[in-house]
Structures are given as C-alpha cells and as structure tokens.
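Work the whole structure out from these sequences, hints included.
Protein chains in written order, with the numbering used here: chain X, 1 to 208; chain B, 209 to 465.
These are calculated hints, taken from the structure and not from any lab test. All residues carry an ideal CB built from backbone N, CA and C; glycine is no exception. All the pointers check out, no bait thrown in.
Stretch by stretch, here's where chain B covers chain X in the computed footprint (C-beta under 8 angstroms, at least three residues):
1. 35-43
2. 75-89
3. 131-137
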Amino acid sequence: MRGERRVLDAVSAEIPEGATAIVGPSGAGKSTLLRLLNRLADPDSGIVSYRDRPLVSYDPLELRRQVSLVPQLPALLEGTVASNVAYAARLAGKEADPKRCLRLAGLDPGFAEREVDKLSVGEQQRAMLGRALAQEPAVLLLDEPTSALDQAARDAIEATLARLRRELEISIVLVSHDPEQARRLGDWVVRIEDGRVVDAGPLAEAMA
Amino acid sequence: MSTSIHVSVGQVAAALALVALAAAVSFWRKADLERDIGIAAVRSFVQLTAIGYAIKLIFEADTLWLVFALLAVMVVFGALTARRRAKKVPDAFWPLLVALAVAGASTLGLVVALGVFEATARYLVPVGGMVIGNSMTASAVALNRLGDEMADSRGRIEATLALGATAQEAAQPTVRRALRSGMITLVDSTKTTGLIFFPGTMVGMLLAGANPTDAVRLQLILLYALLGSVSIAALVATTLAYRHFFTPAQQLLDSIE
Numbered sequence: 001m002r003g004e005r006r007v008l009d010a011v012s013a014e015i016p017e018g019a020t021a022i023v024g025p026s027g028a029g030k031s032t033l034l035r036l037l038n039r040l041a042d043p044d045s046g047i048v049s050y051r052d053r054p055l056v057s058y059d060p061l062e063l064r065r066q067v068s069l070v071p072q073l074p075a076l077l078e079g080t081v082a083s084n085v086a087y088a089a090r091l092a093g094k095e096a097d098p099k100r101c102l103r104l105a106g107l108d109p110g111f112a113e114r115e116v117d118k119l120s121v122g123e124q125q126r127a128m129l130g131r132a133l134a135q136e137p138a139v140l141l142l143d144e145p146t147s148a149l150d151q152a153a154r155d156a157i158e159a160t161l162a163r164l165r166r167e168l169e170i171s172i173v174l175v176s177h178d179p180e181q182a183r184r185l186g187d188w189v190v191r192i193e194d195g196r197v198v199d200a201g202p203l204a205e206a207m208a
Numbered sequence: 209m210s211t212s213i214h215v216s217v218g219q220v221a222a223a224l225a226l227v228a229l230a231a232a233v234s235f236w237r238k239a240d241l242e243r244d245i246g247i248a249a250v251r252s253f254v255q256l257t258a259i260g261y262a263i264k265l266i267f268e269a270d271t272l273w274l275v276f277a278l279l280a281v282m283v284v285f286g287a288l289t290a291r292r293r294a295k296k297v298p299d300a301f302w303p304l305l306v307a308l309a310v311a312g313a314s315t316l317g318l319v320v321a322l323g324v325f326e327a328t329a330r331y332l333v334p335v336g337g338m339v340i341g342n343s344m345t346a347s348a349v350a351l352n353r354l355g356d357e358m359a360d361s362r363g364r365i366e367a368t369l370a371l372g373a374t375a376q377e378a379a380q381p382t383v384r385r386a387l388r389s390g391m392i393t394l395v396d397s398t399k400t401t402g403l404i405f406f407p408g409t410m411v412g413m414l415l416a417g418a419n420p421t422d423a424v425r426l427q428l429i430l431l432y433a434l435l436g437s438v439s440i441a442a443l444v445a446t447t448l449a450y451r452h453f454f455t456p457a458q459q460l461l462d463s464i465e
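See the structure below:
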C-alpha cells in the first residue's frame, strides 16, 4: 500500500536466475514490485523470498548489497564518479576499482575523475550502473534503465547489459514499459497490469 | 553593573503610536496584517507583563527550583512552537524538546562552570530565556529545512539506501544542510553585530545607563553563549529527527512528500 492506494495485489510470481523482464503499462506497479525485491519497501501482507528464504529474514543492508537496485532516475552523490564507485564498494566491503567498473558499465574510464553534476543523463545512468557493479552483486535490479535516454544511448545500454550477463554471470531483473525491450533482454517475463500479475514464464510463452 | 531606570505605563502607551503606524502601513498597502499586528501587540503586552511578574516573584524568592521550573516551561512551549514550523517532520516534538533542554542545560551549565555568570535567578532567568528562544528558532529552521530536503532528496536517499547504506549514511548530506541552515542566521548576524545592528541586550543596557564597555562585554558573552547553544540545539534536533523518516528496516517512509 502507498497511502490509501493498493499498488500491488495478490502478486504471485517466481523469478529465476538469468534475465527477467517485468513489463506492463505505466502505473501498473512494476517499480513497486522491484522495490520489494531489495526491501526498499515491504509488502503489507504476503511473503517475498530470495533463495528460498523470506526477505525479512535477511539483514536489509546485507541484502541490498547482494541484490542491488539501480533506480529509474540517476541519483548520484556529490563528488566524482570515482568517489561514488568507491563509496558503493566500501559499503559492500569490496576493493574499489572504479576504472574496471566504469568499463563494465560501458563508460570510458576517463570519466572516473569527472564531477557527477557535469555528466549527461545517459552518462549518469552508466555511472549508477558502474557504482552498483562495484558491489559485485548477485542480482541487479534495474528500473527502466533506458527510459530517459535517446535510441542510440538505449541501444548502448542494452548491449552493455547483454555483455554483463555473459561476462559476470549476474542475474538481472529489469522493469520496462516496453515489451520489445523485454523481448530483447529477458529470457523470463513477468507481465503486470493494474497491480496484478497477468502472466509469468519463459519469454516465448509469456509474450506469445 | 547595577543600573535601574523607571519606565512608566504612559511611556509604554506612547510607544503604541508606532504599532498604529505599522497597522496603518498594512492597511494602506493592503498587506492584510492589521489583525495580526493587533494580536501581536496585545499578546506581547500580556505575555511580557505576566513573565515580568513571574520573574519578579522568582527574583524575590531567589530559589533555583523556581528558576528551573520556569526554564522547563519555556522549553516545553518552545518545542510546541517550533513543532508548528517543522510540520513535515514526523513526531517533531520530542527531538525539539530534547534539543532545547540539552542546549539550555549545557549552555547555562557551561557559563556557570566557567565563572561567567553566578548561578542565581538574576542571571539564569534572562540568559536562559535568550538561550532557549534562540535555540527554538534555530532548531525550528533546521527541522523545517530537514523536512523539505528529505522530500526533495527522496530519490538520492533511496538510491543510497539501495546500495546497502544505513539510514544515517543515506541522510547525512541532507542532515548536514539542515544543520547548517539552523546555524547560519545567528552566525551571519554575529558577524555583522555592531556594524549593521545593535543587539538587544546592549541596547537595553545603554538605555538603562550602563557603561558602554560593560554593555559590549555582556553582549559579547551572550552572543558567544548563543552561538554555542544554537549549534547544540540544531545538532540534537536534526540528529534525533532524521530517524523519524525511516523504518527500522532502513526504508524511507512512504508518507514523505
């Protein structure tokens, strides 16, 4: 519930390892579902589980470092790209290697020393992705990662995500309002409408 | 430093001419403040007269318990008043109450311990009133800003929480800006003291016929004490209040907008 509004209702779906796309129209509850997956919010009733354990049994901070969420709008901390990456790495107890993280996120390592407020939205989005990767998460939750971008930047981000899956064997859960993007990136699809799951399954079945 | 002058009720009544002037300006330029000006004039008269009698009684009784009781009442009313300016902060009353109590107690404790003032009603009541009043304003400004900033920075705070940062870490830049805005007014006015305006205590002492050197020294002591108390109040208020925006699972409350 958000205030008096029921955003999700009787949602029951399984999300396997690999790449899952949560698709549906604006306001369907996709972002809310994503926020439940790393406990930025908790459901008023029901259970969300990760690796056969209810999420509420995890320490929320520990969980968020394993299941990392990149929000729809870039929201970096003041300072340089490198300082943001180092901050995320420190939280997860990892060694920071900003240049490697930026390369993985498809951003030139030369951006490391740039101030974040001097970046374009697309560059900030990639810096956000690089910052999340610095935590070496098992799962990346991406909320409409290309909605604020033009087509060229969108294609580049999609190529980056496909490459990340190959190189890091990381699971990705991606929220998108665009069924075509779900087709390009997901091999499992959860379709949501009006806060309810209308379909969930392998890409070929769910998008048939 | 023992000076005293007599001010007649007639002199006070004559000063009401300036209140009438303020009301006339408001009426003429349609500022719609005549009613508020009237209420302010009446309330200030009633409240100051009442506190004047209370202080007179406390001075005559010369017992510290009465002083502490009066200061405690000021702290409670200060917290209630400041809460109205911090509407966006959930349950702002308790952080404000603790902030004013800690700022008042520590500042008065320090000035007494350092031998600046004696621990008597004559010093503790007026200095305590100034300390609590200024602390109230500073903590109200700080929490007002905190509420606005929390709403404006919602995206950045959640993005930081999403990395596994604690609520304290995620809110830190916001809390820092709120603390700064609570302190900055007094810091700025202290910088310009004597150049652009004469502070109240000094004016009061000069009017009462005190030696200007004494007036300046006393004013400096009070300004320095206020800097300390205001920073303590804003620090305690923001440090306690930011937690009210988060759940125990380090989630930002949905209700913040």
